[in-house]
Amino acid sequence: MHCAVRSINHAILIAPLSPIGQPVHPLVFSADHPPTPPLTTDLVMHETEYAFEMRDITKRFPGVLANDRVTFAARAGEIHALLGENGAGKSTLMNILSGLYRQDEGEIRIRGKSVDLHSPRDAIRHGVGMVHQHFMLVPSQTVAENVFLGLRTTGFRLDARRMAAEVRQISEQYGLPVDPNAKVWQLSVGEQQRVEIIKTLYRGAQILILDEPTAVLTPQEAESLFQTLRAMVDAGKTVIFISHKLEEVITIAHQVTVLRSGRVVATTPAEGMTKSKLASLMVGRQVLFQLEKPPSQVGEVRLGLDRVEATDDKLLPALRQVSLAVRSGEIVGIAGVAGNGQRELAEVVCGLRPITGGAIKVAGKPVSRQSPLAMIHAGVAYIPEDRNATGSAPDLSVAENLALKNYRSPEMGQGGFIDNAKVRSRATELVKAFGIATPTIQTPVRKLSGGNLQKVILAREISSQPEVLVASSPTRGLDIGATETVRKILLQERSQGAAILLISEDLDEIFAISDRIVVIYEGQIMGEFTTAEADLDTIGLLMAGGKQSTADQVQP
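Everything in the sequence shown is counted per my numbering, starting at 1104 for the first residue and increasing by one.
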């Protein structure tokens, strides 16, 4: 048997060749200390075997080398996972393949032919489509109208019946059930994602890029998506699967490519891989998935909600008779699909949204209808889901952002004047204590990575020693290393007696650090469990609006 040696940047693949020259199950050797200079890419393969090839792709931005001679290829009929920390170069690479960016160096080949992709329209003309994590749909339009939006073949008049029929045909072919005539705003998050996929398929995509496709799905919706992806690859399509959920990657992918610091460090079959192996390749060190979680020392109720009601921004009911209690020394996780009242729940607890009914207490004291400043004084801290728009002032420095909550306090100045020396001294202490990686404390926070910006917010909120900490999607968009750090910090606060309300769409996170799990659907509490007794399928069912028997509920 002959062997082909393929060097893909800093991952060396030794692949035995079958008689027809197709590599099978390459062995992967990841090099933490790559050779200098990097080995030249030499793909020994039949060009037509690959649906696409990206050869020695380099992309630079001012001060950043985003992709450094990256070679990435996938076959037809294959789900190929692309992994890496934030900043590893995944998004840049896929934006190049989907026509949003143009590479500085390197070549893209699709079905064996070299192509130039100047725009997303060019990419879709060559059969490449991308489904972004944040959907690009018009809520007021129907499913069919969204699918046909932007196409030049629709003519002056739209044939609504034909449009609906064509959408329904694709829907049935790939197992993507959705009503073509429904308005997008009427659909669940999972159904909206199906619309995005149908849009891409209708435009003739043979190579689909899915960016964090299960981030906002229930377990049942995720499994339904996996069935759809399997049907796609059975039909000869290629799927690029980008995800931070390593268990899903191992379950669904055929091949995995890992990027680190803009370079490929490994390409390997998913079969036989473990979460630990993949995580180590991504971050270059061992990652602890099972964090040490000592038994909770539960104390008195610090946060109490009694039949709380509130409306959303459209003055429609968002919270319906919500009652829950969070005690000191425990983390209560709120599980639910996005848009079911989680944001409104966080905002009423923090004084950012008025309640229309019920009562709220913090440390036994009534605080209903209090201002955000009054809630801060009552001992409530808030880690918002949008760390850029809500959690920080992007153009202000690290030091200034760390002082946003206590600049009025005596330790920051006197007589209405801020003592900048004290602000800088306090910032230096917090940067060291929380391991915030920043060039200086005067650096604008917009220049920090997502993980380090989140550490700034955590340092500011936790240093106030709150009675109640509301953490809303605290690890959303963070890589594995930053996620591990944030979860450790929350568990430390729990051990020190804080009452933590954790709101997250990541069920892995809910199960990993919560003591109790409360499920919310359309603003109502559907069920409550201790984490030890919680069942993933039951939680997923309740998140989708299913019912739970009263006997199964766990009272706080």
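Hints listed in this document are in silico derivations from the structure and should not be mistaken for laboratory results.
These numbers were taken from a predicted model, which means no experiment stands behind them.
Any given hint could be a false lead.
What the hints assert, rightly or not - Just the calculated beta-carbon pair ranges, DEER-fashion:
| no. | residue 1 | residue 2 | range |
| --- | --- | --- | --- |
| 1 | T1633 | E1326 | 21 to 29 Å |
| 2 | K1286 | S1327 | 18 to 26 Å |
| 3 | G1467 | P1242 | 36 to 44 Å |
| 4 | L1455 | T1633 | 36 to 44 Å |
| 5 | A1496 | Q1276 | 47 to 55 Å |
| 6 | T1414 | A1338 | 39 to 47 Å |
| 7 | I1521 | H1480 | 13 to 21 Å |
Claimed, not checked - Derived pair list, reagent style EDC-like, types lysine to aspartate or glutamate, alpha-carbon separation capped at 16 Å:
| no. | residue 1 | residue 2 |
| --- | --- | --- |
| 8 | K1650 | E1631 |
| 9 | K1348 | E1326 |
| 10 | K1464 | D1489 |
| 11 | K1650 | D1611 |
| 12 | K1378 | E1350 |
| 13 | K1378 | E1587 |
Virtual Cβ for every residue (Gly too), placed ideally from N, Cα, C.
Structure-based check of all given hints:
{"no.": "1", "hint": "T1633 - E1326: 21 to 29 Å", "verdict": "holds (25 Å)"}
{"no.": "2", "hint": "K1286 - S1327: 18 to 26 Å", "verdict": "holds (21 Å)"}
{"no.": "3", "hint": "G1467 - P1242: 36 to 44 Å", "verdict": "holds (42 Å)"}
{"no.": "4", "hint": "L1455 - T1633: 36 to 44 Å", "verdict": "violated (30 Å)"}
{"no.": "5", "hint": "A1496 - Q1276: 47 to 55 Å", "verdict": "holds (49 Å)"}
{"no.": "6", "hint": "T1414 - A1338: 39 to 47 Å", "verdict": "holds (45 Å)"}
{"no.": "7", "hint": "I1521 - H1480: 13 to 21 Å", "verdict": "holds (19 Å)"}
{"no.": "8", "hint": "K1650 - E1631", "verdict": "holds (12 Å)"}
{"no.": "9", "hint": "K1348 - E1326", "verdict": "holds (13 Å)"}
{"no.": "10", "hint": "K1464 - D1489", "verdict": "violated (25 Å)"}
{"no.": "11", "hint": "K1650 - D1611", "verdict": "violated (22 Å)"}
{"no.": "12", "hint": "K1378 - E1350", "verdict": "holds (6 Å)"}
{"no.": "13", "hint": "K1378 - E1587", "verdict": "holds (14 Å)"}
Violated hints, in rising order: 4, 10, 11; the structure is consistent with all others.
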